[in-house]
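Colleague: Sequence:
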Amino acid sequence: MSLQKTLESLGIGADAYWKHGQSGKWVVYHWACEAAAAAAGIKFDPPTVICADPANKIATICVTGHLGEKSEWSIGEAAPYNTTQSYPFAMAEKRGKDRVILKLLGLHGIAYSEEEADDFKMQKRNRSTRDPDWVKGPAKDRAELRKQLANLIDDVRNCSDLDVLKGMVHGEEADHAALIRQAKANWPESWDNAEDPPGLRQIIETQRDHLRNNITH
16 MSLQKTLESL
26 GIGADAYWKH
36 GQSGKWVVYH
46 WACEAAAAAA
56 GIKFDPPTVI
66 CADPANKIAT
76 ICVTGHLGEK
86 SEWSIGEAAP
96 YNTTQSYPFA
106 MAEKRGKDRV
116 ILKLLGLHGI
126 AYSEEEADDF
136 KMQKRNRSTR
146 DPDWVKGPAK
156 DRAELRKQLA
166 NLIDDVRNCS
176 DLDVLKGMVH
186 GEEADHAALI
196 RQAKANWPES
206 WDNAEDPPGL
216 RQIIETQRDH
226 LRNNITH
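Residue numbers (my numbering): 16 to 232.
Hints listed in this document are in silico derivations from the structure and should not be mistaken for laboratory results.
Heads up, some of the hints might be wrong.
[What the hints assert, rightly or not] Derived DSSO-like pairs (lysine-lysine); straight-line CA-CA distance at most 27 Å: (1) Lys34 with Lys118; (2) Lys118 with Lys20; (3) Lys181 with Lys151; (4) Lys118 with Lys40; (5) Lys34 with Lys20; (6) Lys40 with Lys85; (7) Lys181 with Lys162; (8) Lys58 with Lys20; (9) Lys20 with Lys151; (10) Lys181 with Lys155; (11) Lys34 with Lys155; (12) Lys118 with Lys58; (13) Lys40 with Lys151; (14) Lys20 with Lys72.
Use the sequences and the hints to build the structure in full.
Modeller: In structure tokens form, the structure reads like this:
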């Protein structure tokens, strides 16, 4: 099954992947790999740590995943020689899990995770409205996307009502659904980033949990 058909069968659209200009390889966004894993029902074992050297920013882990009776494993590795990121353990986890997801879905070799190489991510970051790969939405370019997301983050953090928060950001009918889709496609780190600064998804979850706790107390 092709990349497009496999992802479509899991409810994931064409904004989930793009073609790397230099290599011609199909690259799948990290958020799309996670969404595909959740939709397919992929389960992961706790990772096995092979190397942990935070002082030198080196992390290597073995990730094992299961889809029904099928199992796959892969190595996630992050070090100064293969990434410019400053959070090696999170990067190693992303790489390992994404590789396992693509293997279990039969896409390994057909497509690669955006986390595989920094040049994938750099080309993606440099998109603009002149780039045909730029996914259209409320923001016409990266600068405007950054500004609109900053405003949305302020609104989320200042929201004091759980139902209002849901109406703003949850589901395809949400007030800001189009902006969120565009952020996922053109700037995935703005949506899902567990490090500092946190992504919009993490900010939404934090505010949602805060409001739920206020309701229960």
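Colleague: Now look at each hint and say whether the structure bears it out.
Modeller: Evaluation of the provided hints:
1. Lys34 with Lys118: holds, 19 Å
2. Lys118 with Lys20: holds, 16 Å
3. Lys181 with Lys151: Holds - the C-alpha atoms of Lys151 and Lys181 are around 24 Å apart, at most 27 Å.
4. Lys118 with Lys40: Measuring from Cα to Cα gives roughly 16 Å; hence the hint holds.
5. Lys34 with Lys20: holds, 16 Å
6. Lys40 with Lys85: The hint holds at about 26 Å.
7. Lys181 with Lys162: Holds, at about 21 Å.
8. Lys58 with Lys20: holds, 22 Å
9. Lys20 with Lys151: holds, 22 Å
10. Lys181 with Lys155: Status holds; Cα separation ~25 Å.
11. Lys34 with Lys155: holds, 21 Å
12. Lys118 with Lys58: Within the cut-off at roughly 13 Å; holds.
13. Lys40 with Lys151: holds, 22 Å
14. Lys20 with Lys72: Judged against 27 Å, a Cα distance of about 38 Å means the pair is violated.
The structure is inconsistent with hint 14 alone, although it conforms to all the rest.
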